[in-house]
Amino acid sequence: MTGYFKQQASPENLDDRPFAIRHYSADRLKDALYRMHLIRRFEESAEDCYMRGLIHGTMHLSIGQEASAMGACMSLTPDDQITSTHRGHGHCIAKGADVARMFAEFFGRQTGYCKGRGGSMHIADVAGGNLGANGIVAGGIPIAVGAAMANKRLHPGRVVVSFFGDGANNEGAFHESLNMASVWKLPVIFVCENNGYGMSTSTARSTAVEHIATRAGGYNMPAGIVDGNNFSDVTEAMQPALRRARTGGGPSLLECKTYRWRGHSKSDRNLYRTKEEIQQWQRKDPIARFESSLLEYGIATQHQIQQTADRVEGDIERAIDYAKESPQPSVKDLLKYVYTEQQTP
Amino acid sequence: MTGYFKQQASPENLDDRPFAIRHYSADRLKDALYRMHLIRRFEESAEDCYMRGLIHGTMHLSIGQEASAMGACMSLTPDDQITSTHRGHGHCIAKGADVARMFAEFFGRQTGYCKGRGGSMHIADVAGGNLGANGIVAGGIPIAVGAAMANKRLHPGRVVVSFFGDGANNEGAFHESLNMASVWKLPVIFVCENNGYGMSTSTARSTAVEHIATRAGGYNMPAGIVDGNNFSDVTEAMQPALRRARTGGGPSLLECKTYRWRGHSKSDRNLYRTKEEIQQWQRKDPIARFESSLLEYGIATQHQIQQTADRVEGDIERAIDYAKESPQPSVKDLLKYVYTEQQTP
Amino acid sequence: MNDVSEISYAEAIKDAMAIALQADERVFLMGEDIGVYGGAFQVTGDLVHRFGEDRVIDMPISELAGAGVAVGAAVNGLRPILEFQFSDFAALAMEQIANQAAKMRYMLGGEVSVPVVMRFPSGSGTGAAAQHSQSLEAWFGHVPGLKVVQPSTPYDAKGLLLAALEDPDPVMIFEHKLLYKVKGEVPEGHYTVPIGKAAVVLEGRDLTIVASSIMVPRALDAAGELARQGVSAEVIDLRTIRPLDRETIVKSVCKTHRLLCVYEGVKTLGIGAEVSASVVESEAFDFLDAPIVRLGGAESPIPYNPELEKAAVPQKENIIDAALALASGVR
Amino acid sequence: MNDVSEISYAEAIKDAMAIALQADERVFLMGEDIGVYGGAFQVTGDLVHRFGEDRVIDMPISELAGAGVAVGAAVNGLRPILEFQFSDFAALAMEQIANQAAKMRYMLGGEVSVPVVMRFPSGSGTGAAAQHSQSLEAWFGHVPGLKVVQPSTPYDAKGLLLAALEDPDPVMIFEHKLLYKVKGEVPEGHYTVPIGKAAVVLEGRDLTIVASSIMVPRALDAAGELARQGVSAEVIDLRTIRPLDRETIVKSVCKTHRLLCVYEGVKTLGIGAEVSASVVESEAFDFLDAPIVRLGGAESPIPYNPELEKAAVPQKENIIDAALALASGVR
Ligand SMILES: Cc1ncc(C[n+]2csc(CCOP(=O)(O)OP(=O)(O)O)c2C)c(N)n1
Ligand SMILES: Cc1ncc(C[n+]2csc(CCOP(=O)(O)OP(=O)(O)O)c2C)c(N)n1
Ligand SMILES: [Mg+2]
Ligand SMILES: [Mg+2]
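Chains as they are written, first to last, in numbering that gives the first Met the number 0: chain A, 0 to 344; chain B, 0 to 344; chain C, 0 to 330; chain D, 0 to 330.
Wrong hints could be hidden among the right ones.
Taking lysine to aspartate or glutamate and the EDC-like style, the derived pairs with C-alpha atoms no more than 16 Å apart in a straight line are [claimed, not checked]:
no.	chain 1	residue 1	chain 2	residue 2
1	B	K184	D	D53
2	B	K335	C	E306
3	D	K309	A	E209
Just so you know, these hints were derived from the structure itself, not from any lab.
Work out the full structure, taking the sequences as your base and the hints as a guide.
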């Protein structure tokens with residue numbers, strides 16, 4: 000099944016550069032690199048703020064998974080939508096969110112994307128097409144299907160990408176949703192970020208099949224498996240799925256093999272995996288690999304890459320300042336947003 | 000996938016009679032015929048009692064599906080167990096239940112299998128290995144897996160057969176259960192009676208794949224498809240699944256293609272299928288086909304078959320009389336059985 | 000004023016859905032066997048023939064995803080009406096209902112609304128036993144973010160459904176299976192019954208009976224008998240479980256000084272518990288001349304046997320007995 | 000008498016499970032990440048190393064099937080203890096819990112029992128927001144066939160779990176996440192705390208505070224302050240939600256004449272509603288000198304912002320204020 004979505008080298012297609020290099024403009028590629036750096040630094044900084052007691056609760060970092068988030072969102076339009084997971088910062092940034100408002104949310108401020116009510120686990124950017132992270136594993140999948148149903152009717156051509164993890168694929172919601180989306184040929188793409196573990200439980204111990212993509216067969220759905228740490232491969236694999244979705248062909252499933260460098264959440268002691276395993280995956284750093292590729296094909300210079308990193312640094316700093324200076328919600332507004340305020344005529 | 004479970008004709012195996020004829024003694028085959036008649040007449044009589052207002056509630060008849068129930072139970076021992084569905088009379092009788100106590104249950108009597116508390120939709124025979132019909136579509140599947148888990152530990156060799164319909168296979172419970180059973184290699188056999196419809200909704204309209212058995216691939220589970228109206232084929236297909244289960248190999252899925260002659264329940268007006276379709280399936284009557292086979296291979300004579308039918312007639316009559324004469328539960332026992340009565344020391 | 004006709008509770012619900020389907024392209028129905036079958040209780044009836052399979056959608060037997068799909072569709076601008084075949088199956092969808100539909104607006108700081116309507120055929124009395132007879136409205140009443148209604152008449156069934164469709168938030172409608180065939184006067188065309196308002200359906204002096212769903216006609220029947228026995232009962236139809244109309248209840252109890260709560264759901268932690276506790280917490284406390292009595296469902300699953308089944312939920316006679324005992328209490 | 004040591008609530012639960020695993024081969028644990036991870040709240044800790052992967056089973060993220068598997072295993076003779084990672088995820092399993100586990104014995108006329116124990120880490124205060132902070136015990140308390148307990152101390156946490164394992168019926172244990180690290184005296188070895196019995200944890204004269212779970216230590220704290228202000232509060236720890244120990248509550252209210260119910264779950268239809276309604280229905284009605292006051296969770300999901308989160312559930316100060324207002328009420 001691997002490579003199902005990968006374009007065959009054809010006689011007409013003698014350009015053997017990676018798909019993304021061929022397909023996107025240099026500016027867009029550089030912007031993708033910027034966003035991948037932004038994800039990484041956003042999470043590192045959030046982690047730091049958490050350690051220093053500035054952020055409460057818990058958080059799930061996606062460091063090491065930047066290519067699947069960015070790659071899956073790369074060909075989405077602002078009108079396309081995503082549903083995300085508890086590990087959702089990367090998706091949110093990849094879909095175009097403003098890190099200042101994200102930090103504001105983590106700091107529980109009124110200026111946050113959820114006005115301080117949601118926090119990391121519910122980070123969203125509805126205007127930007129992110130219908131929200133979700134605290135319930137697989138909770139966003141049926142919502143994505145419903146969103147796609149509405150889009151099919153109200154906004155033909157719009158696509159919903161539903162992110163979820165390997166652990167989520169054992170939830171009943173996954174099964175019911177994929178079946179429904181397939182029967183109704185809805186414009187939704189299921190993107191599984193298979194990082195090998197649902198919390199401490201490896202896919203081998205939780206999941207009867209090696210590849211999540213195998214399950215697509217049960218839903219009569221095309222599926223692909225890609226190296227989720229390879230930005231270009233992810234963008235490439237998304238193309239047939241997007242085409243299918245935009246033209247009424249129905250849903251697809253894409254499995255991105257990747258890895259999270261950090262523990263599951265802030266309370267993880269990493270007892271279920273080895274240092275070697277982690278290090279091995281760190282050598283496959285999706286950002287470093289993307290940078291090499293940009294250098295190799297002359298899209299960016301080392302200097303430009305450094306500039307990108309510096310720009311990210313500044314943006315993160317400003318974002319944290321914005322968050323810190325933002326007002327707290329008022330306790331008297333505790334009940335606000337439970338129900339829609341109805342206009343009194 | 001069809002025939003996956005069907006034994007190949009091999010040089011050593013020159014006996015080309017159907018599996019059941021080869022495999023079971025004449026007495027056991029005749030007993031199977033008796034039970035299939037009993038199922039049919041039990042349901043026809045229950046229907047009649049219902050029409051005459053003697054039974055309240057609703058009921059789901061499995062007339063036309065007798066071969067899958069009886070075939071799946073044929074090689075079970077009394078210690079093996081089943082979980083059943085809303086359409087569970089056939090399973091119950093096939094597993095060896097006493098129709099008098101079943102009628103008593105339908106009549107709501109204290110002598111019924113559930114002491115009048117359960118009725119048709121919860122018919123059970125725990126001592127006989129039937130853990131119960133279930134009012135919740137797919138509700139019995141996880142229970143079967145749990146029962147198998149206990150058996151694996153406490154009673155190695157025992158098998159649980161979990162019956163469910165084609166409609167049930169779109170429930171999350173199906174997916175979660177099959178995955179768990181497979182990961183843990185539990186001695187359970189999932190028997191899908193695919194009668195083409197979940198209530199009024201055809202599998203084509205509800206299910207993304209044509210064959211439920213296809214889904215087994217998502218659970219790394221062997222699967223087979225058989226003609227569910229052919230008693231011998233069902234018994235044959237059960238063998239590798241039983242062997243696998245009894246020897247620690249894990250679960251299997253068996254899809255029996257069959258058809259219900261009656262409407263979904265007593266309130267069905269049959270608007271979603273044609274008379275022709277029904278008639279076409281009636282020509283594949285599993286009982287008539289089994290009888291032909293018994294005649295063809297000299298297992299039973301026409302006279303013996305008639306005797307069987309007559310015996311069933313008498314048994315049903317006596318069973319109904321028993322039910323009618325049985326005592327009603329006492330209203331003051333309304334709260335009995337909610338909790339286990341604890342011995343007061 | 001619209002013409003009025005005598006139609007059943009089921010017909011009234013269908014009428015409301017037809018009006019909404021006609022008036023608003025965004026409205027659609029979703030559920031199991033609601034198309035050509037017409038719904039397990041024939042509520043959607045022939046709507047699929049009038050509005051097509053795109054607006055009246057048979058779904059696979061997947062209650063959890065069904066609810067989630069309705070949520071996603073609502074967030075994105077459609078107006079789904081999701082039918083559960085039996086309210087008992089809501090137990091499969093509580094995640095999407097209570098964790099997603101109810102909380103999404105709040106968790107996202109008001110950035111979305113989830114205008115979904117879900118319909119739940121509820122209650123016992125059909126011989127369908129423990130897994131097809133529950134009254135689970137109290138679960139939903141406990142969840143902020145949801146609105147929960149329980150119509151007892153064809154008029155309210157239609158008006159509350161049309162109100163639910165105008166409501167920007169998730170509205171759960173608990174219908175009673177035994178009411179589907181009950182007829183009543185229903186105006187043609189569009190009208191609404193406000194969500195959050197109880198109705199005093201019978202004025203009285205000696206005690207207040209707060210009832211909901213099928214217990215309203217039973218309470219009214221009982222009130223007739225009570226009147227013959229010289230007891231004047233005021234009957235309040237709750238209509239909405241969440242938000243509860245405490246004002247109307249409290250006002251009545253301040254007048255009658257006695258309260259009987261009648262509901263079909265299990266007594267413990269059923270809606271009568273909230274009604275009672277709300278009254279005792281209010282200024283009506285000072286007016287109470289007798290303990291508040293709750294007549295709720297038995298502390299058991301619903302049994303199959305018809306006599307047991309009857310005994311498991313309040314019947315007219317139980318209401319009469321409880322009311323007489325309560326009204327006769329001299330303090 | 001057994002030796003007593005000072006251990007945490009989480010350790011006490013683990014101790015109970017270890018004793019049960021040791022004593023009874025049929026006992027096993029099942030849940031998400033309860034093995035080498037030790038459980039999301041480190042309650043199972045190192046048990047997998049002591050008892051092996053066959054007795055401490057990591058399961059896939061499949062709450063519905065997990066509950067059903069526990070039911071099936073229990074029916075067939077094992078004694079499963081199923082850990083939900085957060086009580087909020089019970090919403091995914093309500094079908095197997097409420098429709099199967101709770102009703103199976105009844106529906107089958109007593110032919111089976113379902114001795115399953117389920118543990119639910121509950122409550123807010125950890126900044127985990129709306130889908131990881133709920134207190135849903137009222138849903139379960141509404142379901143006949145279930146028993147529901149809510150320990151507030153390490154002693155009770157251990158004793159109630161060991162009692163649950165001796166109980167032939169399904170027992171749901173609601174643990175509070177903020178209590179896991181709270182220490183208390185716990186005897187070594189086996190002992191039980193009876194299911195269905197509340198405890199008067201502080202005797203008092205002027206009012207009764209009925210609390211449960213984390214509200215018990217808060218109520219006790221508040222009572223200390225109240226005593227300094229001259230108000231003598233009796234504090235009752237409910238311990239069991241179903242069956243509710245009405246007797247103990249009623250007796251106390253007959254003595255103090257005033258009742259304050261404190262609970263973290265949403266106020267409407269939360270357990271305080273049942274406590275209040277039960278008292279008003281009882282002989283204690285005649286002794287009440289003031290309206291019964293309920294202090295429950297806000298009518299909102301649990302917000303993420305820490306100040307809002309605190310405001311969403313009763314805090315010590317709220318209890319003091321409510322108690323003072325109630326006790327000062329002269330009638
Ligand atoms: C329904 C539900 N069950 C359990 C959890 C607790 N939990 C949160 S994330 C997680 C692991 C999810 O694994 P996966 O889907 O692979 O995503 P990953 O964390 O690897 O990104 C678990 C068990 C939850 N939030 N929701
Ligand atoms: C969870 C749930 N959803 C819906 C129903 C209503 N219902 C009862 S049987 C049935 C159809 C089941 O179809 P299938 O599994 O194919 O079994 P069949 O009736 O064909 O034997 C439906 C929708 C139910 N009982 N439980
Ligand atoms: Mg994962
Ligand atoms: Mg079927």
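Going down the list of hints, with the structure as the test:
no., hint, result
1, B:K184 to D:D53, "holds, 13 Å"
2, B:K335 to C:E306, "holds, 14 Å"
3, D:K309 to A:E209, "violated, 44 Å"
Checked against the numbered hints above, the structure violates only hint 3.
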